[in-house]
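Novice: Below, each chain spelled out in residue letters.
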Amino acid sequence: MEKPEKLIVDGKRLDGRGPEELRPLKIQAGALKRADGSAYVELGANKVLAAVYGPRELHPRHMQQPDTAVLRCRYNMAPFSVEERKRPGPDRRSVEISKVIREALEPVVFTKLYPRSGIDVFVEVLQADAGTRTAGITAAAVALADAGVPMRDLVSAVAVGKVDDTIVLDLTKEEDQFGTTDMPVAMLPRKRVITLLQMDGSFIEEEFERALALAMKGCEQIYEAQKQALKARYSIKPEEG
Amino acid sequence: MVEVKTGDFVVPGDFLATTEEFVPGEGAYEEEGKVYSSCTGVVLVDVRTKRISVFSKTATPPVMKRGDVVVVRVEEVKDQSANVSIGVLRGYEDRQLPLPDAGVIHVSEVRDGYVRDLSKEFKAGDIVRAKALDTRRTPIRLSTVGEDLGVIMAVCSRCRMPLDKDDSKLRCKNCGNVEFRKLASDYRRGIL
Numbered sequence: 046m047e048k049p050e051k052l053i054v055d056g057k058r059l060d061g062r063g064p065e066e067l068r069p070l071k072i073q074a075g076a077l078k079r080a081d082g083s084a085y086v087e088l089g090a091n092k093v094l095a096a097v098y099g100p101r102e103l104h105p106r107h108m109q110q111p112d113t114a115v116l117r118c119r120y121n122m123a124p125f126s127v128e129e130r131k132r133p134g135p136d137r138r139s140v141e142i143s144k145v146i147r148e149a150l151e152p153v154v155f156t157k158l159y160p161r162s163g164i165d166v167f168v169e170v171l172q173a174d175a176g177t178r179t180a181g182i183t184a185a186a187v188a189l190a191d192a193g194v195p196m197r198d199l200v201s202a203v204a205v206g207k208v209d210d211t212i213v214l215d216l217t218k219e220e221d222q223f224g225t226t227d228m229p230v231a232m233l234p235r236k237r238v239i240t241l242l243q244m245d246g247s248f249i250e251e252e253f254e255r256a257l258a259l260a261m262k263g264c265e266q267i268y269e270a271q272k273q274a275l276k277a278r279y280s281i282k283p284e285e286g
Numbered sequence: 112m113v114e115v116k117t118g119d120f121v122v123p124g125d126f127l128a129t130t131e132e133f134v135p136g137e138g139a140y141e142e143e144g145k146v147y148s149s150c151t152g153v154v155l156v157d158v159r160t161k162r163i164s165v166f167s168k169t170a171t172p173p174v175m176k177r178g179d180v181v182v183v184r185v186e187e188v189k190d191q192s193a194n195v196s197i198g199v200l201r202g203y204e205d206r207q208l209p210l211p212d213a214g215v216i217h218v219s220e221v222r223d224g225y226v227r228d229l230s231k232e233f234k235a236g237d238i239v240r241a242k243a244l245d246t247r248r249t250p251i252r253l254s255t256v257g258e259d260l261g262v263i264m265a266v267c268s269r270c271r272m273p274l275d276k277d278d279s280k281l282r283c284k285n286c287g288n289v290e291f292r293k294l295a296s297d298y299r300r301g302i303l
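If you read the sequences in order, they're chains A and B.
Our numbering numbers the first residue of the first sequence as 46 and each following residue consecutively.
Our numbering numbers the first residue of the second sequence as 112 and each following residue consecutively.
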């Protein structure tokens, strides 16, 4: 990828969005037949599938916790999800992302209801264009709700960043690569509790506050879409397939 | 805040009521004096008992109660009891059960009447339909008393071929071996 001369021209980004606009978002609850719960999310060019299994018997046995369920996450990128073929299997990056996704979801799940069991969350990235961990969290939250796992709230996630000295919402790959800062944020939309916050690059304090406020606004839009996805699947017809 | 009515569609985290008004029922939880939904479904408001609950529209994780019918595999047959591992709960055939999965069938709960030898009722590897008696303790106590409960699939202990029902006995087509079991009325019909 070549570095474009400017990432923001006349207040418009390369894909024609304003700085505080999300990419087109599509969420579908219940995309996989055999999973206990699943969801499919498209955010711009990102395509992410999430599947939830459980609560179920946890193996290996020594991982079982006598008082709670164990939440396990696996974030995985398909070899064809990026421009240059990605070597399949977990690597340093995806192991870390699996961990932060787990920690982003853990506070909402009532794990204490299912002692000695495990809940498995699989996030598969089919096509990546920056912000896959946030799209993954968004999908995983819907998948958990689709599985009927008791939850305190949903989790919505979005990235913010700084590109050409402008605070922008939902970065694309170019903006992520050639911008100054990228900051993924996940939160519980009702209580506004942040469960994931990472940052690559730098902000001054005032910029950080503006970016965080923008991320929260973005999360609310994503939350509405998550609600709509669950509603579309479950409010009218009680059962299908 | 908007009043929530019966029939409203909610997702996890949606506000339902305050604790002064309602007690959280199924699919709802209380936090800091407020009642929220913990699942995706429709609200049920019971004005009489002051209970607000959410009827889940999604599939939910199976929960075993007393009287539920389960399908188990016999792991070990002892003098007084048979240890089994619980496979699936009826009504939730395509979903795994959360732990615990250990169950036990006592001689006195095998059939109506006296059982002299438990090894003539079950053998390791048998697939058995049973009813839960007590789900609070592990291992879960199970019973096979009743027409529709008992072995639904068994193999010959000599040659491991599936056994065929022959009146009240089981006969092996392959080697002619005759065995005894506490059979369910629909033995080997392929019904769980």
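One or more of the hints may lead you astray.
Derived lysine to aspartate or glutamate pairs resembling EDC-like cross-links, with alpha carbons at most 16 angstroms apart [claimed, not checked]: (1) A/Lys276 <-> B/Asp125; (2) A/Lys236 <-> B/Asp190; (3) A/Lys78 <-> B/Asp205; (4) A/Lys236 <-> B/Glu141; (5) A/Lys236 <-> B/Asp205.
Now the in silico label distances, taken between C-beta atoms and shown as ranges [what the hints assert, rightly or not]: (6) A/Lys276 <-> B/Val158: 24 to 30 angstroms; (7) A/Arg237 <-> B/Glu131: 35 to 41 angstroms; (8) A/Phe223 <-> B/Val158: 55 to 61 angstroms.
It should be emphasised that the hints constitute simulated quantities derived from the structure, not laboratory data.
Every value quoted in this text rests on a predicted model; they were computed, and no experiment measured them.
The beta-carbon is built from N, C-alpha and C at its ideal position, and this holds for glycine as well.
Novice: Indicate, hint by hint, whether the structure satisfies it.
Specialist: Okay, the hints, checked on the actual structure:
no. : hint                                      : verdict
1   : A/Lys276 <-> B/Asp125                     : 13 angstroms, holds
2   : A/Lys236 <-> B/Asp190                     : 57 angstroms, violated
3   : A/Lys78 <-> B/Asp205                      : 11 angstroms, holds
4   : A/Lys236 <-> B/Glu141                     : 14 angstroms, holds
5   : A/Lys236 <-> B/Asp205                     : 35 angstroms, violated
6   : A/Lys276 <-> B/Val158: 24 to 30 angstroms : 26 angstroms, holds
7   : A/Arg237 <-> B/Glu131: 35 to 41 angstroms : 24 angstroms, violated
8   : A/Phe223 <-> B/Val158: 55 to 61 angstroms : 60 angstroms, holds
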